[in-house]
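Chemist: Now for the letters of each chain:
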Amino acid sequence: MSERAVRGGGDGGEDGAGAHGDGRPTAENAIVLKQVTKTYRSGEREVHALRNVSLTVPEAALAAVQGPSGSGKTTLLNLIGAMDTPTEGKVRVGGRDLSALDDDALSEFRRRNVGFVFQFFNLVPVLNAVENVLLPTMFAPDPPLERAMGLLERVGLRDMWDRMPARLSGGERQRLAVARALINDPALVLADEPTGNLDHETGASVLDLLEGLTRDGRTVVVVTHDPEVAKRAGTVLRLRDGVLVGQGQ
Amino acid sequence: MCWLARASRARQGRDGGEAAARAGPGREGLRLGAYGYILAQARRNPVRTGATIVAVAIAVAFLVIVASLSVGLRDPARPVVLGARGEVTPVLPIADFAVAGEGAYVGLFAPRLLDPAEVSAVRRIAQESAASAEDIGVFPYTERLLWRRQLEGLDAQAVRLIGVEPTLGIDAPYTTYHSYSTLATGRALGAGAVPELVLGYALWEGAYASAPLGSELTLAPRNTTWLTAPVGELRSGGGVTYGRMWRLPGLELVGVLDRDPSTDWCAFVTLGHLANATGALATPDGARCEAVSVAVSTGDLDIEALATDLAAASPRITSWYVTTADDRSLSDVAEGLRAAIYGWLVVAVGVILAAMLLGVSNTVLLGVSARRREIGTLRALGLTRGEVVRLVTYEALFIVMMGWGIGFLSGHIVTSTLSTGTMEMDAVGVWLAPGRTVPWVVGASILAALLAALAGSALPARRAAALDPAEALTGP
Numbered sequence: 001m002s003e004r005a006v007r008g009g010g011d012g013g014e015d016g017a018g019a020h021g022d023g024r025p026t027a028e029n030a031i032v033l034k035q036v037t038k039t040y041r042s043g044e045r046e047v048h049a050l051r052n053v054s055l056t057v058p059e060a061a062l063a064a065v066q067g068p069s070g071s072g073k074t075t076l077l078n079l080i081g082a083m084d085t086p087t088e089g090k091v092r093v094g095g096r097d098l099s100a101l102d103d104d105a106l107s108e109f110r111r112r113n114v115g116f117v118f119q120f121f122n123l124v125p126v127l128n129a130v131e132n133v134l135l136p137t138m139f140a141p142d143p144p145l146e147r148a149m150g151l152l153e154r155v156g157l158r159d160m161w162d163r164m165p166a167r168l169s170g171g172e173r174q175r176l177a178v179a180r181a182l183i184n185d186p187a188l189v190l191a192d193e194p195t196g197n198l199d200h201e202t203g204a205s206v207l208d209l210l211e212g213l214t215r216d217g218r219t220v221v222v223v224t225h226d227p228e229v230a231k232r233a234g235t236v237l238r239l240r241d242g243v244l245v246g247q248g249q
Numbered sequence: 250m251c252w253l254a255r256a257s258r259a260r261q262g263r264d265g266g267e268a269a270a271r272a273g274p275g276r277e278g279l280r281l282g283a284y285g286y287i288l289a290q291a292r293r294n295p296v297r298t299g300a301t302i303v304a305v306a307i308a309v310a311f312l313v314i315v316a317s318l319s320v321g322l323r324d325p326a327r328p329v330v331l332g333a334r335g336e337v338t339p340v341l342p343i344a345d346f347a348v349a350g351e352g353a354y355v356g357l358f359a360p361r362l363l364d365p366a367e368v369s370a371v372r373r374i375a376q377e378s379a380a381s382a383e384d385i386g387v388f389p390y391t392e393r394l395l396w397r398r399q400l401e402g403l404d405a406q407a408v409r410l411i412g413v414e415p416t417l418g419i420d421a422p423y424t425t426y427h428s429y430s431t432l433a434t435g436r437a438l439g440a441g442a443v444p445e446l447v448l449g450y451a452l453w454e455g456a457y458a459s460a461p462l463g464s465e466l467t468l469a470p471r472n473t474t475w476l477t478a479p480v481g482e483l484r485s486g487g488g489v490t491y492g493r494m495w496r497l498p499g500l501e502l503v504g505v506l507d508r509d510p511s512t513d514w515c516a517f518v519t520l521g522h523l524a525n526a527t528g529a530l531a532t533p534d535g536a537r538c539e540a541v542s543v544a545v546s547t548g549d550l551d552i553e554a555l556a557t558d559l560a561a562a563s564p565r566i567t568s569w570y571v572t573t574a575d576d577r578s579l580s581d582v583a584e585g586l587r588a589a590i591y592g593w594l595v596v597a598v599g600v601i602l603a604a605m606l607l608g609v610s611n612t613v614l615l616g617v618s619a620r621r622r623e624i625g626t627l628r629a630l631g632l633t634r635g636e637v638v639r640l641v642t643y644e645a646l647f648i649v650m651m652g653w654g655i656g657f658l659s660g661h662i663v664t665s666t667l668s669t670g671t672m673e674m675d676a677v678g679v680w681l682a683p684g685r686t687v688p689w690v691v692g693a694s695i696l697a698a699l700l701a702a703l704a705g706s707a708l709p710a711r712r713a714a715a716l717d718p719a720e721a722l723t724g725p
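Here the protein sequences come in this chain order: Y and V.
Residue numbers for the first sequence follow this note's numbering, beginning at 1 and rising by one.
Residue numbers for the second sequence follow this note's numbering, beginning at 250 and rising by one.
Honestly, the hints are just simulated from the structure, not real lab data.
The model shown is predicted, which means the values in this text are computed figures rather than measured ones.
Note that beta-carbon positions come from the ideal geometry of N, C-alpha and C, so glycine has one too.
Treat the hints loosely; a few may be bogus.
Unchecked claim - Selected chain V positions facing chain Y (in silico; Cβ < 10 Å):
| # | residue |
| --- | --- |
| 1 | 274 |
| 2 | 283 |
| 3 | 311 |
| 4 | 315 |
| 5 | 622 |
| 6 | 623 |
| 7 | 625 |
| 8 | 629 |
| 9 | 630 |
| 10 | 635 |
| 11 | 700 |
| 12 | 703 |
| 13 | 711 |
| 14 | 717 |
| 15 | 723 |
To be verified - To list a few chain Y residues with every Cβ distance to chain V over 10 Å, as calculated:
| # | residue |
| --- | --- |
| 16 | 45 |
| 17 | 225 |
| 18 | 241 |
Next comes chain V alone, as it looks inside the complex (with noise of 0.2 Å):
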């Protein structure tokens, strides 16, 4: 090789080395390297390319939310809940509540029901019940963002939201209101503090036009005067069935029976709630309540030890009739449906992953028999099989991770605006959506992107690093 370095020696400096010390381009905005040379192939069949980012996009998208919302089934919401049980006890009756007033008010009105004298009349029962203005925040029901928000910044033992849920209509089942509401307070207030929740008057229980928003409202505990069924209608399982929930008409109490499993948690908060107040009210007549039949979906709890626990949260009541809604165990109900969505999610990802893999392996391999010359051109100019399979999978990679930016994003929005939504719905939504993209699944969807660009450009990789040069430089 002794010519070979003679003559570069000889060549030195002869290769304009002067004009390289002048100044010349940065190498800022230069599409140097193989990632510029990939960079600048995106820009040669954009429409292909930016379809193929597209589908990939779509893809990502769907995994994220198929598998965010499947995570939605062991939502940290529901242990969280559920073992929060032993916090029934401690709740502050109600009637205390307003002498006590730790508490701040959040009034609630429908803007598009309400007319604006039931507004003033919120505003108005907030102020006499607030200790001071700043604890009041009075909101479009609506704008359950501003009112969440009021929430999660109060400095309060307890909070009372107040008003009406008007929207929902008369019928409206209040435990969802009620449910959410408490979770929300509960979330609010954080550890330890005393989840509190007064809700749901009977401002539209037949009384309503005589009883005008803000009369009613004093709350006290005898106000809640929607509930008066005698007892004995509840042990023969009489009542009225709202939707998912049961409201028991002429009795103090509302239980949940719901034969929704995603709403035992709801059930649970509805029955704390229930358990404490049940000590302090008293049926408009005087009496007081002896017997509650409840039927709850319990999913896997433990239905005496329930029973226990109300009975030791009110003891004022004698007797606690706990059902669970349906012969057939819920939480077999829960895991049907969980094993159906994962097996829905299982075959979603091997579609996608398929088609991901096809739609790079397509797009890879048609750019690689455009540029068969080109590439013959890459390896006559040193570069080996291994670089050109690099290059390839590079390429590959570089769709993908576009794709997957654009899609991860995409559906971690549809994820957390889907969650929201069903949030402000229903607490269902709550089970289904977790309101986040997990960890795993940005983990998941980042290595289906990667087995989908390594799978797809293999056969592409291969046929180019398998193009003789000679043979790509002549051939048609």
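One chain only, chain Y, in its complex shape (with noise of 0.2 Å):
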């Protein structure tokens, strides 16, 4: 993997497509972000999560973002996952500028293209593992129950589709999760720390899963601080103190 500089300008065109800092030839980047600050007002003081951070990350690529806490990484994660706008600069998603989308737009920019997937899972206990993975299609008229059992089968849960969150292991439960957020078939899969309350066994068998999303065209990023997720990532950001200090591949 090569470390290269982070572009001040970002990388070129406007829907995202380009070449990479190297000069490759590339594929059309999934998300591009140029020059995206963002400051939140913690009483009198501001402060700035993310300075003025531009990157890449190409399509079907699974990018791992690293950096200690308090950095920007999860910030990054809910600007590329539209759940919040930049302050300054732009961010484009499959070349959608996110950051002129309303709320209303916002929701359906994720329900449409984006799948979370989190450290602590973020099941409803109170539903089972289908009614789990259809939770996202909630006021969908004909819920799509095939494909949640398909997805099931594909993390290897179709046999416990009826069992609660509470009877399923940490790494069933993050399968479980990865399968929900698969539901809605979003082009953009974003992961925060998902192995992070996993152990190692478990923890490489979802990354496994999340690895395999990529060979169905889906860009998948990951905030981690596992060196193995970094090693296994196409694209790492590294981020410091809201500043992308590297961007390699």
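Please dock the two separately framed chains into a single complex, following the hints provided.
Modeler: Here's what the structure looks like:
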């Protein structure tokens, strides 16, 4: 994996297509951030969670976001996942400028294009496995039950479709969360410390699962402290104090 | 968005397409969609949810009961009875009744107070009087449902109820029995039928010991020997008060002197019977009544018209003295009572609505606060603010409508029971309780419940929708 300097001016094309900094021809970039700054206000004080960050992530890539606590990893993930908007700069996902979308449009974008996997799974404890998978389709006129069962099969939980989360192991819960993230067939999967709450072996299997998603053409961005993830990732983004200090491949 | 679309196409069939074809769980039993989610949430904190549902149920039940009782103030029975005044005239004379033989006979006895010989006597009398055995029904007096059903099932021009009312004692206000039974009979016979009644024989009058049940019950009017006061006493206001009824010794008549406006229709019923009976009855010494003084609580009845009606119905009575029981207009009393009950009803509805609103709001708000991270997750998964509002509103609606269902059923049962009970006890029951839950109470209670759900969920829904998903997911 070659480490390269972060380009200050983004990657060129407005739709995210272009070349990597090393001049190699690239496929379309799934994610493009241009000079993104995110500032929070904490009382009288302004906190700069991200400062002038520009980066690209190619499509169908596994990207790892690394950095110490408080470096802005989760903020970055939220911006990419249309959960938040930048104070300055532009965030493009799949060529779409998320900075210009209102709250409803951001929700719609998330629903259609983004799947989230959380460190603590965030499953609904009173719903069984398949009901959890179908949670994002809550207001769909015809919840895709067969697709949910297919996803459970894919993550190895088909036979446990009627188990409540409390009766699943940590690894099984995270795999269930992955299945839920995929129910709307998103092109982008964002995982925040997906292995942070799992033992090494279980974490590796979840990582296998996430890595496998890229073979479907999905782009997977993983916020992690786990060096194993960084080893496997095609793109590694390093943050420190809200600044992107490195983007490597 | 071409990458997004292309990526989606590339994934077609990879998410377990083959597996999807395999048989999976049916949709039945799965909690899918928003409603499934809400049902599942109810299980998350069953105590809190259950308590709120019960509280709403109590509130709705109370609303139904109070509203139904207040509606009793305008119970249709009252105008129906008042409107039936015109039926006074064609009443079949008692003397002809037995001859006509068109009536059915219902014997009533009180099993707790009458001995078997008396029960047998009632049965025998009924059998002797009836045209056929099918016309006879003998029931314990206390089992009114049975004999009411018997009355309703009779295909008769008239019904005679025979027996006594010993449970109320010798000084029982027979008018209560009379009026209720008359009403029941009239209802049983239907429109255009002849409401006739023979009740209240003086079996308990001093001569009871020497005139046991049966020997007196020849169903001839002369056997009603208990009204024997000189007319003059009536004119001077003499008489004996038995509760709400004035029993007028020495006369063959009973007039209802009742200050309770609720029973003015009872007075009418009694006077209807009275007017008819007067023409046929005579005092034991053979003197015929020539003047009758009747004090009635007339409500909004036209006194003079009533006197005219009575005179027309009983031509043998040359003088009718009809006065009101109270200087104050009894309709005013009724209106005052009505206004007071409506006032309390409005207060009760206000308190109930406020309690429901607070209870629902509190429960849903607690639920939203406890599920902050979960709501953040739902937002992350793509739910819009509007959908979160819908979700929280549905949750409140679920709680309220569950409570409404239980509360309405309970209220209806209580109303019906209360109504039946009071009707059995006293005619006032008819006035107070309509015996059914009227349609507008159904609508009003649903509306109140919906309002409580919508208003109660407004604040929690707004808070839930205002949650920033990123903050909710990372916060405590």
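Chemist: Indicate, hint by hint, whether the structure satisfies it.
Modeler: Checked hints:
Satisfaction of the interface hint for residue 274/V is found here, the shortest Cβ-Cβ separation to chain Y being roughly 6 Å, below the 10 Å cut-off. Against a cut-off of 10 Å between C-beta atoms, the interface hint on residue 283/V holds, since the closest Cβ of chain Y lies about 5 Å away. The criterion of a C-beta within 10 Å of any C-beta in chain Y is not met by residue 311/V, whose closest approach is roughly 32 Å, and the hint is violated. With a cut of 10 Å, the hint placing residue 315/V at the interface with chain Y is violated, because the nearest CB-to-CB distance is about 37 Å.
Proximity of residue 622/V to chain Y holds as hinted, the smallest CB-CB distance being about 7 Å (cut-off 10 Å). With 10 Å as the threshold, the beta carbon of residue 623/V comes within range of chain Y, its nearest partner Cβ sitting at about 6 Å, so the hint holds. The beta carbon of residue 625/V comes within 8 Å of a beta carbon in chain Y, closer than 10 Å, and the hint placing it at the interface holds. Taking 10 Å as the C-beta contact cut-off toward chain Y, the hint placing residue 629/V at the interface holds, the least distance being around 5 Å.
The beta carbon of residue 630/V comes within 4 Å of a beta carbon in chain Y, closer than 10 Å, and the hint placing it at the interface holds. Look at residue 635/V: its Cβ gets to within about 7 Å of chain Y, closer than 10 Å, so that hint holds up. With a cut of 10 Å, the hint placing residue 700/V at the interface with chain Y is violated, because the nearest CB-to-CB distance is about 25 Å. With its C-beta approaching chain Y no nearer than about 19 Å, residue 703/V sits outside the 10 Å limit, and its interface hint is violated.
Interface hint at residue 711/V: violated, since its Cβ lies 14 Å from the closest Cβ of chain Y, which is beyond the 10 Å cut-off. Below 10 Å, beta-carbon pairs count as interface contacts, and residue 717/V has one with chain Y at about 8 Å; its hint therefore holds. Satisfaction of the interface hint for residue 723/V is found here, the shortest Cβ-Cβ separation to chain Y being roughly 6 Å, below the 10 Å cut-off. Interface exclusion of residue 45/Y from chain V stands, the closest Cβ pair being 17 Å apart, more than 10 Å.
At roughly 16 Å from the closest C-beta of chain V, the C-beta of residue 225/Y stays outside 10 Å, upholding its exclusion from the interface. The Cβ of residue 241/Y sits about 18 Å from the closest Cβ of chain V, beyond the 10 Å cut-off, so the non-interface label holds.
Consistency with the previously given hints fails for numbers 3, 4, 11, 12, 13, ordered from lowest to highest.
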